[in-house]
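Colleague: Sequence:
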Amino acid sequence: MTGKIAIVGAGPSGCFLAQALLKAAPDLEVDLIDALPVPYGLVRYGVAADHQGTKAVTRQFARVFERQGARFFGNLCIGRDISLDDLRAAYDVVVLAAGMSVDNRLGVPGGDLEGVYGAGRITRALYEHPDAEALPDLGSHPLIVGNGNVAIDLLRLLAKQPEELAGSDLGPGPSDWLARSGIETITVTGRSPAARAKFDPVMIKELAKLGGVSIRVIGAGEAPDDEAAKRLDALAVIDGHGDGPRKIDFRFELTPAEVLGAAGKVTGMRFSTAAGDAQHIACSSVLTAIGFGPADDLPREALIAAAADREAGALAPGLYATGWFRRGPRGTIPDNRADAQALAGRILAEISASPAKPGRGLFDGRPGIVDYDGWCRIDAAETAAPSQGRCRIKIPTRTGMTMAAIEGATSR
Numbered sequence: 013m014t015g016k017i018a019i020v021g022a023g024p025s026g027c028f029l030a031q032a033l034l035k036a037a038p039d040l041e042v043d044l045i046d047a048l049p050v051p052y053g054l055v056r057y058g059v060a061a062d063h064q065g066t067k068a069v070t071r072q073f074a075r076v077f078e079r080q081g082a083r084f085f086g087n088l089c090i091g092r093d094i095s096l097d098d099l100r101a102a103y104d105v106v107v108l109a110a111g112m113s114v115d116n117r118l119g120v121p122g123g124d125l126e127g128v129y130g131a132g133r134i135t136r137a138l139y140e141h142p143d144a145e146a147l148p149d150l151g152s153h154p155l156i157v158g159n160g161n162v163a164i165d166l167l168r169l170l171a172k173q174p175e176e177l178a179g180s181d182l183g184p185g186p187s188d189w190l191a192r193s194g195i196e197t198i199t200v201t202g203r204s205p206a207a208r209a210k211f212d213p214v215m216i217k218e219l220a221k222l223g224g225v226s227i228r229v230i231g232a233g234e235a236p237d238d239e240a241a242k243r244l245d246a247l248a249v250i251d252g253h254g255d256g257p258r259k260i261d262f263r264f265e266l267t268p269a270e271v272l273g274a275a276g277k278v279t280g281m282r283f284s285t286a287a288g289d290a291q292h293i294a295c296s297s298v299l300t301a302i303g304f305g306p307a308d309d310l311p312r313e314a315l316i317a318a319a320a321d322r323e324a325g326a327l328a329p330g331l332y333a334t335g336w337f338r339r340g341p342r343g344t345i346p347d348n349r350a351d352a353q354a355l356a357g358r359i360l361a362e363i364s365a366s367p368a369k370p371g372r373g374l375f376d377g378r379p380g381i382v383d384y385d386g387w388c389r390i391d392a393a394e395t396a397a398p399s400q401g402r403c404r405i406k407i408p409t410r411t412g413m414t415m416a417a418i419e420g421a422t423s424r
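Each residue of the sequence shown is one higher than the one before, counting from 13 in my numbering.
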């Protein structure tokens with residue numbers, strides 16, 4: 013079977029899809045296109061810096077390029093540098109696997125005050141995404157709204173002692189920021205009862221390894237079923253853990269009502285309780301971990317609304333979607349693998365190859381594109397001389413990465 017397939021997004025969903033397609037049909041031309049100069053998306057810039065075991069999936073993805081013949085075109089934004097229509101005209105199949113990265117807004121009075129930040133903004137800066145904003149001063153008492161895995165990752169990094177970050181890929185700048193943060197108390201709030209919280213119990217139990225903290229769980233309630241019991245059991249493991257100076261409080265059944273402030277800055281948060289009462293919690297900043305939306309490079313909402321078969325990832329003839337771009341910001345890396353494998357079967361059944369289409373020839377002569385060999389040079393530069401107990405020191409800027417891709421330079 014032959015044909016030219018472009019996958020927009022070289023994160024887990026895109027790599028899993030390329031892997032499945034080329035395993036079934038090795039003669040396909042499969043190109044992964046990413047707006048960043050580097051592949052692996054969420055694994056590089058979303059998976060927590062101290063979860064290197066999860067990041068090891070990139071070894072599997074590397075084989076897609078090195079053994080299966082997929083091509084990487086980085087530093088190329090579809091929707092900005094090249095239109096989606098032009099891409100579709102050049103390929104037999106286009107798959108949108110660009111994920112979601114824009115923090116959802118809190119949507120309550122005071123939500124625009126200085127000191128209200130999306131969790132994604134903070135983690136992108138911590139993980140040195142080249143488009144990240146500077147890390148802000150969170151003050152002594154940040155409050156996290158949301159208690160899913162993103163919230164727990166952020167909590168854990170904010171709470172860790174410097175020595176507990178050994179072996180991670182957290183860079184010198186973010187490491188210094190954490191070390192001088194001056195955080196004394198972190199409050200984590202959830203809208204749902206603890207029994208229905210979105211976190212993975214394993215990630216909650218991991219908090220019991222933290223030093224220098226004292227953890228309280230307030231209002232966990234009872235478990236209505238076995239699945240809920242796993243969450244409450246995990247919370248029981250950490251409740252009362254430690255007697256360190258940095259306090260961590262978990263609270264549940266609190267619906268955000270208003271961010272309180274003075275002189276334009278955050279001073280607290282007002283919640284509605286399950287009983288309908290108001291509860292105020294003082295804080296110095298509010299970090300919202302309440303999900304993500306799409307970037308505006310591609311018209312996701314219009315494409316999904318007009319989809320021929322959204323559940324199967326079929327948007328229009330020759331146009332498909334997978335991962336978070338298809339189903340929204342939910343699911344894990346293994347979920348994205350299953351999604352991609354299912355979509356691969358449909359694409360292989362429906363593809364109609366047109367030899368006249370140029371495929372990757374569309375990119376000929378375009379300056380600034382980083383290929384897979386360029387990524388390997390970036391990777392080598394980042395891992396050549398890790399320091400401060402780190403496994404990698406990321407190059408944090410587009411300019412630095414493209415220089416390294418071309419020359420093997422280590423300019424930052």
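The hints are simulated quantities; they were obtained by calculation from the structure and are not laboratory data.
Each residue gets a CB set at the ideal place from its N, CA and C atoms; glycine is no exception.
Careful: at least some of the hints might be erroneous.
[What the hints assert, rightly or not] Here are the simulated distance ranges between beta carbons:
{"hint": "1", "residue 1": "A318", "residue 2": "G256", "range": "48 to 56 Å"}
{"hint": "2", "residue 1": "P236", "residue 2": "P346", "range": "42 to 50 Å"}
{"hint": "3", "residue 1": "G123", "residue 2": "Q72", "range": "48 to 56 Å"}
{"hint": "4", "residue 1": "R228", "residue 2": "G288", "range": "46 to 54 Å"}
{"hint": "5", "residue 1": "A368", "residue 2": "P174", "range": "55 to 63 Å"}
{"hint": "6", "residue 1": "K277", "residue 2": "G357", "range": "48 to 56 Å"}
Colleague: Does each hint fit the structure? Answer for all of them.
Modeller: Verification of the supplied hints:
1. A318 to G256: 48 to 56 Å: Between A318 and G256, where Cβ atoms are some 54 Å apart, the hint holds.
2. P236 to P346: 42 to 50 Å: Given a distance of about 27 Å, which is not inside 42 to 50 Å, the answer is violated.
3. G123 to Q72: 48 to 56 Å: Cβ of G123 to Cβ of Q72: about 40 Å, so the range 48 to 56 Å is violated.
4. R228 to G288: 46 to 54 Å: Once the Cβ atoms are compared, 24 Å apart, the range 46 to 54 Å for G288 and R228 is violated.
5. A368 to P174: 55 to 63 Å: 59 Å, holds
6. K277 to G357: 48 to 56 Å: The hinted range 48 to 56 Å holds for K277 and G357, with Cβ atoms some 53 Å apart.
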